[in-house]
Amino acid sequence: MSNKNYYEILGVNSNASDSEIKSAFKKQAIKYHPDRNKGNAEAEKKFKEINEAYQVLSDANKRASYDRVGHDAYTKGASYGSSSSGGFEGFDMDFDLGDIFSSFFTGGFGGGKTKRGPKPGEDLEYRLTLTFDEAVFGCTKDIFIKRKDRCGVCSGTGSKAGTDKTTCDKCHGSGQIKVQRNTPFGSMVSMTTCSKCSGAGKINLNPCVNCRGNGKVNAEKKITIDIPRGIDTGQVISMRGEGEVGDLGAPSGDLYITINVMNSNKFKRKGNDVFTDHHIPIWLAILGGESVIETLDGEYKINIKEGTQSGTVQVLKGKGVHKVNSNFRGEHHVNIIVDIPSIHNESQRQAVEMLKETYAGNKEYFSEKKQENKKKGFKKFFSF
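Numbering (our numbering), first residue to last: 1007 to 1390.
To be clear, the hints were calculated from the coordinates, so they are not data collected in a lab.
Here a beta-carbon is modelled for each residue, glycine too, at the ideal position from N, C-alpha and C.
Any given hint might turn out to be false.
As the list claims (entries may be wrong) - Estimated spans, in silico, between C-beta atoms of each pair:
no.: 1; residue 1: V1319; residue 2: P1257; range: 44 to 54 angstroms
no.: 2; residue 1: D1345; residue 2: D1139; range: 26 to 36 angstroms
no.: 3; residue 1: L1211; residue 2: E1128; range: 23 to 33 angstroms
no.: 4; residue 1: T1364; residue 2: L1134; range: 57 to 67 angstroms
With the hints as constraints, model all of the structure from the sequences given.
See the structure below:
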C-alpha cells in the first residue's frame, strides 16, 4: 500500500464532499483500469490503491473511523479487505469501461446505448508488386481478390424466399438485455448484447440453404486498378466499397492496396529522384566533350568538362520521377566514373609516358600547335 493517505490517493482534501470523492474516484478508476493498461503492473497496483481508498471514504462509518484514528492505525487494524485481494471483495473486476461512462453520463441505466445495427463489411488488404517502369510511368493492373459477397439466392437476407426472421424472445427485439452487477461504483444496471440473437433482435428460423443463413458467400472478384505514375513502395491505393460485403443495409468495407516496387538494373530511385553511374573514357575526362546517357525519357546528351574527375555528379533537373497526381518531376543525378584502360602495346606506353612528361616533368605548357598534336595522338590511343 502507498504511504499516502486515502485522501491523497484520490487527490482530494479531507473536507471533500461525498460527490467530490465519488467524482475523483471515477476519474482515477477510468485512468488506471486494467482494461486500459493491459500488462501494466504499476497501473494495476494504483487501481487497487484507489479502490481501497474509495471503499473507506465512500462509507460514512468507515470514513469517520479513519479520520478519528488516522491512516497508519486504521490500515493496520482494518478488516475490510485482505492483502491478497487489495480490497476487491464482492466486486466484479471485469466490469466494462463502457458501463462506467454510461452509468455516470446517461443516468446509470445504459440509456445511451441502442440496438446493434447492421454491421459494415470488413476492410481488405492486398499487396501488389510492380516493375520499376510500371511504377514510374503508371499502368493498369488486374487483380483477383477473395472476399465475402452478398448471397445471390436470398439477396443477402439469409432467409429462404417467402420467409422472414422472427423477433427474439429473449430480448423481445431490442437486441439487448439488462444486467445487474456489483462494481466499485456500487450496484450497476447496464445493457449488454443479447446472446441469443447477437444483438440483431431477430432470429432466423428458415435460413437460406445457399449461404446457411449468413446472407454472404465466399467469392473471387476481378478488380481493375489504375496505377498513377510516380507511385512508390509503401504507398497505398484505397478503393472504397471493394472490401467484404456488409450486413444487409450496411456498407461494404474498403480495399487497401499496398504497393511494392521492384528494383531497376539501370536506375536507383530515392523519392522522386533517380541516380545512375555513367562511365566515360579517360581522354573524354581530360579533353572534355559530349556524352550520351540514358534517362527515363530515353537518350540524352550531357556536356563533360575538361578535367572531369571520377565522382563528379551532374544534376539534371526535371528528369526524375513524376510526383503522384502532379506534373512536378524530381532530378536525375549522374555520377561520372572515369575508366582507366590497360596498356596493350609499346605505342600506348609511349603515349602515357608522354602524358606523364607533360604534366609531371614540365612546368611550362607546350606551344599551341605542339599541344594540339599531343591531344590528337592521346585521343587516338585511348579510343581503341
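Hints, one by one, checked against the model:
1. Taking the beta carbon of each, V1319 and P1257 are about 52 angstroms apart, inside 44 to 54 angstroms as hinted.
2. Take D1345 and D1139: their Cβ atoms lie about 28 angstroms apart, and the range 26 to 36 angstroms holds.
3. The hint said 23 to 33 angstroms for the Cβ distance between L1211 and E1128, and at roughly 27 angstroms that hint holds.
4. Distance hint check for T1364 and L1134: the Cβ-Cβ separation is about 59 angstroms, which falls inside the suggested range of 57 to 67 angstroms.
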